[in-house]
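Protein chains in written order, with this note's numbering: chain A, 22 to 345; chain B, 22 to 345; chain C, 22 to 345; chain D, 22 to 345.
Hints listed in this document are in silico derivations from the structure and should not be mistaken for laboratory results.
There could be a bad hint or two in this list.
For identical chains, the list gives no copy identity; a pair is met inside one copy or between any two copies.
Here are the simulated EDC-like cross-link-like pairs (lysine to aspartate or glutamate), alpha carbons at most 16 angstroms apart as the crow flies [stated by the list, open to error]:
id: 1; residue 1: Lys-24; residue 2: Glu-84
id: 2; residue 1: Lys-24; residue 2: Asp-336
id: 3; residue 1: Lys-306; residue 2: Asp-281
id: 4; residue 1: Lys-70; residue 2: Glu-278
id: 5; residue 1: Lys-303; residue 2: Glu-174
id: 6; residue 1: Lys-24; residue 2: Asp-262
id: 7; residue 1: Lys-303; residue 2: Asp-234
id: 8; residue 1: Lys-306; residue 2: Glu-174
id: 9; residue 1: Lys-24; residue 2: Glu-282
id: 10; residue 1: Lys-306; residue 2: Asp-234
id: 11; residue 1: Lys-306; residue 2: Asp-269
id: 12; residue 1: Lys-70; residue 2: Glu-196
Here is how the chains run, residue by residue.
There are 4 protein chains.
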Amino acid sequence: MHKLPVGVLGASGYAGRELCALIAAHPQLSLRFASANERRGETASFGGKSLTFVAPEDAPLGEAALVFTALPHGASAAWVGRASVAGARVVDLSSDLRPGSAAVPGHQPAPYGMPELSRDLLAAAPVVSNPGCYPTAILLALAPLVRAGLVPEGATISVAASSGVTGAGSSPRPELLFAEVAEDFRAYAPGNTHRHLAEMRAVLAGLGAPSVDLIFTPHLLPVARGILATITVPVTSIPADPMGPWRDAYDGEPFIELVDEPPTLRSVTRRNVVRIAAMPVKHVKSPTMLVYAAIDNLVKGAAGQALQNANLMLDLPETLGLPA
Amino acid sequence: MHKLPVGVLGASGYAGRELCALIAAHPQLSLRFASANERRGETASFGGKSLTFVAPEDAPLGEAALVFTALPHGASAAWVGRASVAGARVVDLSSDLRPGSAAVPGHQPAPYGMPELSRDLLAAAPVVSNPGCYPTAILLALAPLVRAGLVPEGATISVAASSGVTGAGSSPRPELLFAEVAEDFRAYAPGNTHRHLAEMRAVLAGLGAPSVDLIFTPHLLPVARGILATITVPVTSIPADPMGPWRDAYDGEPFIELVDEPPTLRSVTRRNVVRIAAMPVKHVKSPTMLVYAAIDNLVKGAAGQALQNANLMLDLPETLGLPA
Amino acid sequence: MHKLPVGVLGASGYAGRELCALIAAHPQLSLRFASANERRGETASFGGKSLTFVAPEDAPLGEAALVFTALPHGASAAWVGRASVAGARVVDLSSDLRPGSAAVPGHQPAPYGMPELSRDLLAAAPVVSNPGCYPTAILLALAPLVRAGLVPEGATISVAASSGVTGAGSSPRPELLFAEVAEDFRAYAPGNTHRHLAEMRAVLAGLGAPSVDLIFTPHLLPVARGILATITVPVTSIPADPMGPWRDAYDGEPFIELVDEPPTLRSVTRRNVVRIAAMPVKHVKSPTMLVYAAIDNLVKGAAGQALQNANLMLDLPETLGLPA
Amino acid sequence: MHKLPVGVLGASGYAGRELCALIAAHPQLSLRFASANERRGETASFGGKSLTFVAPEDAPLGEAALVFTALPHGASAAWVGRASVAGARVVDLSSDLRPGSAAVPGHQPAPYGMPELSRDLLAAAPVVSNPGCYPTAILLALAPLVRAGLVPEGATISVAASSGVTGAGSSPRPELLFAEVAEDFRAYAPGNTHRHLAEMRAVLAGLGAPSVDLIFTPHLLPVARGILATITVPVTSIPADPMGPWRDAYDGEPFIELVDEPPTLRSVTRRNVVRIAAMPVKHVKSPTMLVYAAIDNLVKGAAGQALQNANLMLDLPETLGLPA
């Protein structure tokens, strides 16, 4: 059977490698090229198939039906342009074209590739901007409450989220050495300064909550992969069926799993799903809900969602080649 | 030199073992007995000194100047009584006599053994109730703000805290096996139901914040020891010197470390300190602060603080024998 | 398409669960039943398919084309008999019927299910005995040298092997708690006393090395899964092409990967392969080789190999449903 | 009381930092300077005492009674010379002056600082060469057997040893990132090529075993600290009391712990001890012993042993300031 050729720019990072492995196992896509500038000329194996990395300038962009760019923030937008000019559709995994991004003057945000929230915009889009890992977990957890009008004006939403170290990239930095990370745990981006904040605020505004205060504290976990977000949200009132808003919003969604207990990291790793639990907060006077969401930062938080978007853009079944 | 004899009831759990090791290294205390019912007759070594565990009924309570009870919640209060009758002072590491405890009808709460908040009550107390591990981190983080009157009436304080597995005890339970905990992370006590909540609410009320809504979500970390709490607190206004309230409250305290960046677990493990950082939350309309606090759950959160209390009760230097 | 019904006895341990997950993803098998005595009546999900555990006595053995037993050693043989009487083929993951086993008087060893060494015996066998995890790595590493006649009479082969904790089972034992295993490493079965020794000696004798002294020291790693064996073997002489014996023996084998550097655990986990590297020992007078072999103890070392055997017995492609 | 001033060259690596922390806690030493070229001007805290790193050229070598050099191999010898010229005694933690070292032409090996084997040579030595981490564990395990004449001529000794990642240094290398090391295990220096081999062969020759074949395979463990060595040794005959040779050789040694079961890493970490167990190998025809030895690579394997040597050189009690 004929497979559609796709390419990956920025294949040596954790997200890029995960993407190459998923493509290698995909029944209808073939990996036409993968660029990795510092490793160009090296051969890697994905799912038993060998591939030699090229420099991005040597990537035959025009031979791919779709190009994924997993290049660094700031460097990606220009390659989105080149791939588009060469005639390829593009899924951009960087933050360059995401809502709220100020990184790349002159570039318009592309449709936000979170199918559960905006599937209709994606099939025909020439370029799709793949969401950040934290925003994927947090926005999918919050969207049903916001859309149901249950979050009051001016509410303060407090998010504590923790990520495995692959979220920090594969560049060797002293603080990411095993001997530093093991047996440790730390908060970062202190005082609400994480670069994903603008992305989440912009999307929340689009969902109908322009006035909320969002406080987001990320933490670094001594695990390789996975994100767990614990979210405190004031509500106008507790729904009679507390998980009703999520059930309504995500009916039939293949990659949303609603559960009764806070999800564990292990229940989602190596899978393209988000697991969500929501419940009323006891022992408080103001009606408040706790929402818990877990994803694999490299799959639903990056490469898996990118492939989900690509399936939609290429008119393939949305779940094809994705570990459920 | 003459050393003061002390005893430990419940020496086989993680806190009990830590306590025995600290006592073995203490220059002015000697370990007269250690009870461990299921391991009675077994010999253990602490700091190079051998000791044979006894059943609690066989412990010579009257020969100890002070008895630590690290027995399970519910079982401890009765032994506090027996040790008192035998003439010993007592530090109770269980929750039985803590503020807010409803566990043991007929027992009055004992003075709360958190020297930084209530040192004056401890020196003469026959019995001191040693705080819980989470409350130690969280209350020491919050007290200066509350006492300074900066937390508004009815405010919602949101706490996400994470603990190493020694906090869950040493009983073999399937969910605590290495193969389950490694590469995992999970929230527990969902919906604000942790048993430490009553203790924290009672102490906060005593500090002058009876009306706040406290939302507390604990998480289980794949590390052996340590607690990190990330706390979001609405304030009436941001202090000109954001860390001023903590500097004022903890001036000269030997076991409080104020830092500029969120503290890491590694910076406090095996030490009897709490590290605290506090800063304003950016990008929000309502004035809010983020407070981060880290402790070792077995040291400042249990055995170390118990020894700190014992030092005060026995008129020894407060810092003696404690790893700083 | 019609799928062949199979059943699993002993589905709640780590190997049993891995087996159920592999069967759920297998294109030509369906899981007819899974027994888990202590969890009977509970529902579990494997690959998105729900299944209710039954007691072994309630398992409809006769409705399965093939039954896997992952029951404890000693208890398994009787169930092999019952399943056979009910008309099912059997793959026994216990040690009961393995070469060298003295566990079950009255039972004959069944053909040893290591296809790379004895494929011809398996297709028609009513019962196949699935190898132990350590023997899988070690025997596949040693067999080519032995069969080539390169191991001298009376040689001493020294094996240091290390396993992830899933190899120790899922029963909650204090020494397997996260807080005990993390940051630890230990040898066990001291002085050459591991129960897999008889299995390995018996197979080596069958391969033509009845006189060797085999010294085997297993270690417990702070990882969930994987086995790495480091093997020192005296040889009559170093082959001109040091890896020649392995290349010859394993030509075309789908699950053997020969590599130039010692294999890492990560390169084999979640895959049904064994990776082997072999090289001469430098700086010694007696010709000696170092052979390194790595497997996933739950896949090629247990459930994956069991499925590989089942594929052969059921006349399905040997690699079907197995992660390569 | 007057403390003796000492200095540390190369204080920013793991061994250097451990050394600074031990010196800070030592009752009779004070840390006069610590050099860390890339961090010069930065302030660090050791045991509550602040210190500003200097460049090595700016270290007041002449003001120290003793200088520890923890500089890289190859770079250290020259600084040993400078410190000596400045009038300081020196403990060199690098391999430059160790037995078997060919690294530094023109420099003579200094006495080998393993007090349990060569205490008499150390007190008066102007320079002592601190042993490597693996050699410390392995030579202390083997020496009693060799000295007792129990290892036959030409015997092959096979050593599988595993080390925590601090043994690989603190330079950020991709393969030492948490996401690479966690859940992994790997052999390195394949085929008997580790640089510690020459050191061990030279010392074994000096102990009376010039003809043995030593095969040494190191492995990288997913733990921060600790070394466990599992050693297979042919013997002329099994001693009537298998641990007799060790008991005789190490009678009264403060830092040797002889145990009945293979020692765990956890039993030695953060302590200046080596734990050794030895036992006959069962189920073999040739008399052979298994010897297990565990140390903390940063303490007895580096900084602790260096301080033990310094205590001897400075005529202080050998155990002073060392965690037992």
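Classify it for me, Lys-306 with Glu-174: is the Cα-Cα distance of at most 16 angstroms met within a copy, between copies, both or neither?
-> between (18 angstroms within a copy, 12 angstroms between copies)
Is it within, between, both, or neither for Lys-306 and Asp-269, if the alpha carbons may be no more than 16 angstroms apart?
-> Result: close neither inside a copy nor across copies, 27 angstroms intra and 31 angstroms inter.
Evaluate Lys-70 and Glu-196 at a C-alpha cut-off of 16 angstroms and name the case that applies: within, between, both or neither.
-> Neither: 34 angstroms inside a chain and 23 angstroms across chains, both beyond 16 angstroms.
Given identical chains, is Lys-24 near Glu-84, meaning Cα to Cα at most 16 angstroms, within a copy, between copies, both, or neither?
-> The answer is within: 13 angstroms in one copy meets 16 angstroms, while 40 angstroms across copies does not.
Between copies, within a copy, both or neither: which fits Lys-70 and Glu-278 at Cα up to 16 angstroms?
-> between (32 angstroms within a copy, 14 angstroms between copies)
Intra- versus inter-copy proximity for Asp-281 and Lys-306 (alpha-carbon distance at most 16 angstroms) = For Lys-306 and Asp-281, neither the intra-copy (23 angstroms) nor the inter-copy (33 angstroms) Cα distance is at most 16 angstroms.
Identical-chain pair category, Lys-24 with Glu-282, by Cα at 16 angstroms = neither (41 angstroms within a copy, 34 angstroms between copies)
If the cutoff is 16 angstroms on CA atoms, where do Lys-24 and Asp-336 land: within, between, both or neither? Let me know, please.
-> within (13 angstroms within a copy, 30 angstroms between copies)
Should Lys-24 paired with Asp-262 be assigned to within, between, both, or neither, using CA atoms and 16 angstroms as the limit?
-> neither (45 angstroms within a copy, 40 angstroms between copies)
How would you label the pair Lys-303, Asp-234 (within, between, both, or neither) given a Cα cut-off of 16 angstroms?
-> Classified as between: cross-chain Cα gap 10 angstroms, same-chain 22 angstroms, threshold 16 angstroms.
Have a look at Lys-306 and Asp-234 and pick one of within, between, both or neither, based on CA distance no larger than 16 angstroms.
-> Between copies only: 7 angstroms across, 20 angstroms inside.
How would you classify Lys-303 and Glu-174 at a CA-CA limit of 16 angstroms: within, between, both, or neither?
-> The answer is neither: 22 angstroms in one copy and 19 angstroms across copies each exceed 16 angstroms.
Hint check: violations occur at hints 3, 5, 6, 9, 11, 12; the rest are consistent with the structure.
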